[in-house]
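Participant: This note's numbering numbers the first residue of the sequence shown as 7 and each following residue consecutively.
Don't read these hints as lab results, they were simulated from the structure.
Be a bit skeptical, because a hint or two may be false.
Each computed BS3-like pair below joins lysine-lysine, with the alpha-carbon atoms no more than 30 Å apart [to be verified]:
no.: 1; residue 1: Lys155; residue 2: Lys229
no.: 2; residue 1: Lys112; residue 2: Lys15
no.: 3; residue 1: Lys155; residue 2: Lys116
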Amino acid sequence: INIYFCQKKNGLEIRILKMKESNVLEGNIKRFQFGGINNISSNGKLIFVGETGSGKTTLINAMVNNILDVNFTDNFRYSVCDLNNKPRSESESQTDFVTEYTFNYKYGMKRKCNFVLVDTPGFGDTRGPKIQKENVQQILKYISKESSKVGLVIQSSTNRLTAEIRSILLDMKTLAKTGQIESLIILSTFADSGSPIVEEILEGYDITYNKLYLFNNNALYSKTQGISDRDRNSFKRNWTITNRSIDMVLDFLRGD
7 INIYFCQKKN
17 GLEIRILKMK
27 ESNVLEGNIK
37 RFQFGGINNI
47 SSNGKLIFVG
57 ETGSGKTTLI
67 NAMVNNILDV
77 NFTDNFRYSV
87 CDLNNKPRSE
97 SESQTDFVTE
107 YTFNYKYGMK
117 RKCNFVLVDT
127 PGFGDTRGPK
137 IQKENVQQIL
147 KYISKESSKV
157 GLVIQSSTNR
167 LTAEIRSILL
177 DMKTLAKTGQ
187 IESLIILSTF
197 ADSGSPIVEE
207 ILEGYDITYN
217 KLYLFNNNAL
227 YSKTQGISDR
237 DRNSFKRNWT
247 ITNRSIDMVL
257 DFLRGD
């Protein structure tokens, strides 16, 4: 696996993947590719949408580590981006572009499938309503290009939907009616055991979705050495729960 460079975090080696960037310019879309072109016909694509701070990019990294078969006990993790590449302010999204990460199947991967994970600008941009509107239009334009599977990333403890989320869900309802959204799944982050609060909130707003999946990514970059057995067991449990959900999402994407 080609590595761009490495960083250290909590005793782990964070390996920033060296991916081929497409030189085809198309608006504010960036495309990166891992692995060479193959003749695999099975493809799975998911567009991640959500508010700034919902955990979209971290969840994508968790899925990448699953695709590349990283285990909790390994002393390294993979990342699609520089973890120190901070936004212009703490409250601002790290993602200003629609960014496609394509992971082509290579021998040794546990799923014989090519996956495309798409990161998008976060809702609630602090630069004002004009930038927010541009970001939403950019996301909807990208979604409407083809029949898409969309994952709404939202914190499990969310007890109300912001105006931005309600607005884009209404837009996506319209796209679903025209067949441009094939399916909508809920990716509930920062989840503990039990039913997340956000599940009741979505029902209250009559949001139609295919399925809700739970994730807790606090184990992705956590220490695995030099910590108490209690902490290690807690991190390992969250790693297992999250990867079980990732397995289900990836199987869903490839049509299993």
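Participant: Compare the structure with each hint and give your call.
Facilitator: So, going through the hints one by one against the coordinates:
{"no.": "1", "hint": "Lys155 with Lys229", "result": "violated (34 Å)"}
{"no.": "2", "hint": "Lys112 with Lys15", "result": "holds (28 Å)"}
{"no.": "3", "hint": "Lys155 with Lys116", "result": "holds (22 Å)"}
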